[in-house]
Amino acid sequence: MRKLMKSIGAFAAFAVLAAGISQVAAHHSASMFDFSKTVTMRGSVVELRWVNPHVTLTVNGAVGEEPAAEWLMETTSPGNLVRVGGWRRDIVKPGDQVEIVFHPLREPDKKSGLMRQLKLLATGEVFAANIRDQERPGLE
Amino acid sequence: MFPAHLLFGELRVKSGPLCVALAGLLGSLLASSVVSAQAPGKSPTVINPPPTAQNWADLAKLPDWSGVWNPKITDQDAQVKTNPPPWNEAAAKKIQQMFAEEKAGRPRLIFSNCLPEAHPSWMLVTHNAMEILFTPGRVTMLGESDGNRIRRIYTDGRGHPEHPDPTFHGHSIGHWEGDTLVIDTVDILPQVPLAISEAAGLPNNGDMHVIERIHLADKDVLHDDLEIVAPKILTRPWKTTRIFFRQRARKFDIVEGVCTAGDLVERVNAEGDHVFVPVEKSEWSHTTAVPAK
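Chains as they are written, first to last, in our numbering: chain G, 1 to 140; chain H, 1 to 293.
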């Protein structure tokens, strides 16, 4: 019984830790995004946040006929972006026009997504952002 | 020679007044011999001897593990299904629940609060690169994310400590068998998760023991063959091989990554100082709002 209580206690503590905190930096799964949907959106860069473990890009853009709004995109770490897509901290600056490809958050009312690709409209340069693309054949 | 206090203890158990007096006399004699044994002139045990020129030269005989090693994440993904750990009944139920939560879009945080992925989960599920350094008597693994992702593997012939002091990465001793580095790791904190993905893993709960054989499987492919003994959550030792690859022609160095910076954004405050201020995160730890500039 004591052993059972101990394990329940440990699980409860774990559950509280996992559920109740609004700011917990972590290496996390991306399953909050809907991988069955891929959306392309054009917009204007608000801010690139070049931080580990997950870079974010805020873009003011519109999907389809919806009015323009700020969308918050998350992607992998700076190191992985450098390796997978030749990213740099300074590839975009506020006001740059971009086209992004992303998987939206499962909650449709929240304007957020997992970014898979960024295209600079001024130059046509494309920057991949899928971490597993590092394993593409032919990359030496 | 037995330490004096052990002899005293033995005599006290059997003592009458005469024996106590005898013990005192013996004690004085023994104490003086202990003092003489510790007299100046006896050199202390050197734990970290200065390397010799030969020690440095010998490093050249080791295989070339230089460069930046990336984990093969697609293989990590595949092994979640193809090579699951032999979880015990209680652990298996919790893991199934984690899978269900992840599928529902509520992934459990296994690596919260920016704690290290730790050993062996770093080797098992990392999504970031690492580099490996050889110095005399040591192999050092340096992870890309977080300054606290580091493994020190002692190859100088020492054993594990007599008095365990558990840590996130445990105490690792290694030796070379040809071009294979064999590592034995114990003294890992019981809270350290044994993880098979970023959303599925359980605290090892103590007594975890990890044996690794790391070797080049191809020119630019490194294999870590792991045997993980975790008696509190597994029914038997679990074997898995994790794959790392390097891309010689691609000029990529390790990038500093500080996990807690993920909770923050760079701003300039009213005094003109460059500071970090918090962003908002969800309970699943993705960023939900960044404060305006």
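These are computed hints drawn from the structure, not numbers from a lab. Some hints could be false.
Chain G regions said to be covered by chain H (calculated; three or more residues, Cβ under 8 Å) [unchecked claim]:
#	region
1	46-54
2	75-87
3	115-127
With a straight-line Cα cutoff of 16 Å, these simulated EDC-like cross-link-like pairs (lysine to aspartate or glutamate) come out [what the hints assert, rightly or not]:
#	chain 1	residue 1	chain 2	residue 2
4	G	Lys110	G	Glu135
5	H	Lys239	H	Asp184
6	H	Lys219	H	Glu89
7	G	Lys111	H	Asp64
8	H	Lys219	H	Asp179
9	G	Lys110	G	Glu66
10	G	Lys93	G	Glu66
11	H	Lys219	H	Asp187
12	H	Lys232	H	Asp64
13	H	Lys72	H	Asp225
14	G	Lys110	H	Asp179
15	H	Lys293	H	Glu256
16	H	Lys293	G	Glu65
17	H	Lys232	H	Asp207
18	H	Lys293	G	Glu70
19	H	Lys72	G	Glu135
20	G	Lys93	G	Glu47
21	G	Lys110	H	Glu283
22	G	Lys111	G	Glu66
23	H	Lys61	H	Asp179
24	G	Lys93	H	Asp187
25	G	Lys119	G	Asp90
26	H	Lys293	H	Glu280
27	H	Lys72	G	Asp133
28	H	Lys103	G	Glu70
29	H	Lys103	G	Asp34
30	H	Lys72	H	Glu283
31	H	Lys72	H	Asp218
32	G	Lys111	G	Glu65
33	H	Lys232	H	Asp273
Restraint-style ranges between C-beta atoms, simulated for each label pair [said to hold, decoys possible]:
#	chain 1	residue 1	chain 2	residue 2	range
34	G	Glu65	H	Glu271	40 to 46 Å
35	G	Gly124	H	Gln97	43 to 49 Å
36	H	Lys239	G	Gly124	27 to 33 Å
Quick caveat, the model's predicted, so the values are computed rather than measured. Don't be surprised by glycine CBs; every beta carbon is placed ideally from N, CA and C.
Results of checking the hints against the structure:
1. Figure legend: the region 46-54 of chain G, annotated as covered by chain H; annotation consistent (6 residues with Cβ-Cβ distances under 8 Å, at least 3 required).
2. Under a criterion of three residues with beta carbons nearer than 8 Å to beta carbons of chain H, the stated coverage of the region 75-87 of chain G is upheld, 7 such residues being counted.
3. Figure legend: the region 115-127 of chain G, annotated as covered by chain H; annotation inconsistent (0 residues with Cβ-Cβ distances under 8 Å, at least 3 required).
4. Our distance criterion of 16 Å between C-alpha atoms is broken by Lys110 (chain G) and Glu135 (chain G), whose separation comes to about 32 Å.
5. Restraint check for Lys239 (chain H) and Asp184 (chain H): satisfied, since their Cα atoms lie roughly 14 Å apart, inside the 16 Å limit.
6. For the suggested pair Lys219 (chain H) and Glu89 (chain H), the alpha carbons sit about 41 Å apart, so the restraint of at most 16 Å is broken.
7. Restraint check: the Cα-Cα separation between Lys111 (chain G) and Asp64 (chain H) comes to about 47 Å, which exceeds 16 Å; the hinted pair is violated.
8. Proposed proximity of Lys219 (chain H) and Asp179 (chain H) is supported: the alpha carbons are some 13 Å apart, at most 16 Å.
9. A hinted pair counts as satisfied when its Cα atoms are at most 16 Å apart, and Lys110 (chain G) with Glu66 (chain G) qualifies at roughly 13 Å.
10. At most 16 Å may separate the alpha-carbon atoms for a hinted pair to count; Lys93 (chain G) and Glu66 (chain G) exceed this at roughly 25 Å.
11. Note on Lys219 (chain H) and Asp187 (chain H): the hinted pairing is violated, with a Cα-Cα distance of about 33 Å set against a maximum of 16 Å.
12. A threshold of 16 Å between alpha carbons decides the hint, and for Lys232 (chain H) with Asp64 (chain H) the separation of about 37 Å lies outside it, so the pair is violated.
13. Distance hint between Lys72 (chain H) and Asp225 (chain H) is fulfilled; the C-alpha atoms sit about 14 Å from each other, no more than 16 Å.
14. A hinted pair counts as satisfied when its Cα atoms are at most 16 Å apart, and Lys110 (chain G) with Asp179 (chain H) does not qualify at roughly 53 Å.
15. With a C-alpha separation of about 25 Å, the suggested pairing of Lys293 (chain H) with Glu256 (chain H) is violated against the 16 Å cut-off.
16. Proposed proximity of Lys293 (chain H) and Glu65 (chain G) is contradicted: the alpha carbons are some 28 Å apart, above 16 Å.
17. The straight-line distance between the Cα atoms of Lys232 (chain H) and Asp207 (chain H) is roughly 8 Å, inside the 16 Å bound, and the hint therefore holds.
18. Among the hinted pairs, Lys293 (chain H) with Glu70 (chain G) is consistent with the structure: their alpha-carbon atoms are about 14 Å apart, no more than 16 Å.
19. Annotation: proposed proximity of Lys72 (chain H) to Glu135 (chain G) holds, straight-line Cα distance about 7 Å (limit 16 Å).
20. Using a Cα cut-off of 16 Å, the hinted pair Lys93 (chain G) and Glu47 (chain G) holds, with the two alpha carbons roughly 7 Å apart.
21. The straight-line distance between the Cα atoms of Lys110 (chain G) and Glu283 (chain H) is roughly 15 Å, inside the 16 Å bound, and the hint therefore holds.
22. The suggested pairing of Lys111 (chain G) with Glu66 (chain G) holds, with an alpha-carbon distance near 11 Å, which does not exceed 16 Å.
23. Our distance criterion of 16 Å between C-alpha atoms is met by Lys61 (chain H) and Asp179 (chain H), whose separation comes to about 9 Å.
24. A distance of roughly 48 Å separates the Cα atoms of Lys93 (chain G) and Asp187 (chain H); the hinted pair therefore is violated under the 16 Å criterion.
25. Taking the CA atoms of Lys119 (chain G) and Asp90 (chain G), the gap is near 14 Å; set against the 16 Å cutoff, the hint holds.
26. For the hint pairing Lys293 (chain H) with Glu280 (chain H), the CA-to-CA distance comes to about 15 Å; that is within 16 Å, so the pair holds.
27. For the proposed pair Lys72 (chain H) and Asp133 (chain G), the alpha carbon gap of about 10 Å is at most 16 Å, so the pair holds.
28. A threshold of 16 Å between alpha carbons decides the hint, and for Lys103 (chain H) with Glu70 (chain G) the separation of about 28 Å lies outside it, so the pair is violated.
29. For the proposed pair Lys103 (chain H) and Asp34 (chain G), the alpha carbon gap of about 10 Å is at most 16 Å, so the pair holds.
30. A distance of roughly 28 Å separates the Cα atoms of Lys72 (chain H) and Glu283 (chain H); the hinted pair therefore is violated under the 16 Å criterion.
31. Only pairs whose Cα atoms come within 16 Å are accepted, and Lys72 (chain H) paired with Asp218 (chain H) is accepted, the gap being roughly 14 Å.
32. Among the hinted pairs, Lys111 (chain G) with Glu65 (chain G) is consistent with the structure: their alpha-carbon atoms are about 14 Å apart, no more than 16 Å.
33. Restraint check for Lys232 (chain H) and Asp273 (chain H): the C-alpha separation of about 50 Å exceeds 16 Å, so the hint is violated.
34. Evaluation of the 40 to 46 Å hint for Glu65 (chain G) and Glu271 (chain H) yields a pass: the beta carbon distance comes to about 45 Å.
35. Roughly 47 Å separates the CB atoms of Gly124 (chain G) and Gln97 (chain H), a value that falls within the hinted 43 to 49 Å.
36. At about 48 Å, the CB distance of Lys239 (chain H) to Gly124 (chain G) disagrees with the hint of 27 to 33 Å.
Comparing the model with each earlier hint shows violations of hints 3, 4, 6, 7, 10, 11, 12, 14, 15, 16, 24, 28, 30, 33 and 36; every other hint is respected.
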